[in-house]
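Participant: Next come the chains, spelled out residue by residue.
There are 2 protein chains.
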Amino acid sequence: MIIGVLGPEGSYSEKAAQTWILKHRLDSVGIQYFSDIEDAFLAVVQGKSDISIVPIENSIEGSVGVTLDLLLENGVEIVGEIVVKIEHCLLSKGGPEKIKVILSHPQGLAQCRHFLKKYFPEAELRSTGSTSHAARLAGEFEEMAAIASPEAAECYRLKVLLPNIQDRKENYTRFIALRAAGKSPAEQVLCVPDGETGKPENSSHSAFKTSIIVYLEKDRPGALYEILGAFAKNKINLTRIESRPSKKELGDYYFYIDFEGHTGDVLIEETLKDIKSKTDTLKIVGSYPAFKA
Amino acid sequence: MIIGVLGPEGSYSEKAAQTWILKHRLDSVGIQYFSDIEDAFLAVVQGKSDISIVPIENSIEGSVGVTLDLLLENGVEIVGEIVVKIEHCLLSKGGPEKIKVILSHPQGLAQCRHFLKKYFPEAELRSTGSTSHAARLAGEFEEMAAIASPEAAECYRLKVLLPNIQDRKENYTRFIALRAAGKSPAEQVLCVPDGETGKPENSSHSAFKTSIIVYLEKDRPGALYEILGAFAKNKINLTRIESRPSKKELGDYYFYIDFEGHTGDVLIEETLKDIKSKTDTLKIVGSYPAFKA
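These protein sequences, in sequence, are chains A and B.
First residue of the first sequence: 1168, per the numbering used here; consecutive thereafter.
First residue of the second sequence: 1168, per the numbering used here; consecutive thereafter.
Hints listed in this document are in silico derivations from the structure and should not be mistaken for laboratory results.
Be aware that a few hints might be false.
[Stated by the list, open to error] Straight-line distance between alpha carbons at most 20 Å, and here's what the computed SDA-like set of lysine to any residue pairs gives:
id, chain 1, residue 1, chain 2, residue 2
1, A, Lys1385, B, Ala1399
2, B, Lys1385, A, Ile1408
3, A, Lys1415, B, Asp1334
4, B, Lys1415, B, Lys1285
5, A, Lys1445, B, His1191
6, A, Lys1445, B, Lys1215
7, B, Lys1336, A, Gly1396
8, B, Lys1252, B, Tyr1339
9, B, Lys1285, A, Ser1202
10, B, Lys1385, A, Ser1202
11, A, Lys1252, B, Lys1414
12, B, Lys1414, A, Glu1337
13, B, Lys1284, A, Glu1337
14, B, Lys1385, B, Lys1402
15, B, Lys1215, B, Asp1419
16, B, Lys1284, A, Lys1445
17, B, Lys1385, A, Asn1401
These numbers were taken from a predicted model, which means no experiment stands behind them.
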């Protein structure tokens, strides 16, 4: 079994994959590293990985836009979620006085925005494909520092100049585990799946989460209220609602909704049928066990 | 009168400011440039500008997170919105064969993600504070190219190697014009203003927009539905709803809601009172004329 993640070695995505492997007590698993989130995501569609694990939201910086877009565009199914505590460190080969350039993934730079502005107002900031990629580069030049994990420091033999530099101490990233959808993307849109992901009998609602994407036309301003009404009527708890531009025009959005429950439950099935009657586009991205630390 | 924008010269923010100046037929206006969005935003709070104009959302890449966060944290009022067509170009001093590094604002890099991956998979990507800052830097070294506007090319004497390189041809950014709030932030939260922004009499609902921020506790999953119900009951059109992490814990959000109408309208005033009764935190960020191209 191959799990695809954002690489190189020492990334937070790798940590998420290790958590997932432990939880599922998997052995003989290989981790395959990809150079950006898109490649790691698409690996599962292209058959280069059996499972891909990618970040979807961070508690400081919010959604990972590229993951949301790819979820809509590709035939994948979410089979799990993993929450990883993020502890960004400032890493370098030399001392802090030599730092001229600070490297990290754009999310890493954004999560440490206040820190960077206060302590390194003159430093040049460079985006890399991942935090561990930043660490690998910082291992080559003394004037470069990276924002990355303590694990990345170890991997690339860097000093931890400062630990926990993100703007809020509490910093978590939620990752999703994906597999290729059994059905083609065209079929997956507009159809309610039959709960084939193996829902255990008699489980409580909150043990599972389901993720869907709905498109609400700009000209139907009450549509979101109607959709939420379908959940409220059946007392289904929403855990997340996020909008993402349709990219057709400004003011036109897709809504990404996560809620408690499994598509195999009769109540959820009925709710999804109700929603389907209210929107032209409903994509069910999967039902999966809610993460418990 | 001083208008604060993200600089240096040649930024899309400057273009937004010029559109605003033309619309309002202002003269004797000075444009003051700031090195990042946060500084441009805070200028109006710190009295360094009378109006600040900052980006809030893009039709490809979505919300500008830092602007949303600052709107919540500071005592400001939105007094207008401006939509600017974005036409990113690849700019450099030399020819395309010399390019090793590509610079832009993170939003510029994200909006051209597919282009960069296809044509410059080996190039190093660097974040700058603005697209025009990227253009200024690219004017110094032949191996650097910038993603920025045609105006920036002119400003920094760069060649336009390729025009319109963003991943979707239609690319728009919405900017907001801000002034310091008359009331202190503490007062502004939890209170309904009295429509002092000069709402013309007999204007139609859709001529104005109002922006609010509400905090909905994680443990009250039906709260968003109730809030949207207050709008639906009074047939008020929502133009945007966006969530942003509260930064307290994963799964805890503020909702940013834009809708048609002015706080000076009786119907809007009643709706806001209704919403106030359903949430502990309601911040009214302003009523302003909806942008017409």
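Participant: Which of the listed hints are not met by the structure?
Facilitator: Violated hints: 4, 5, 6, 7, 10, 13, 14, 15 and 16; rest satisfied.
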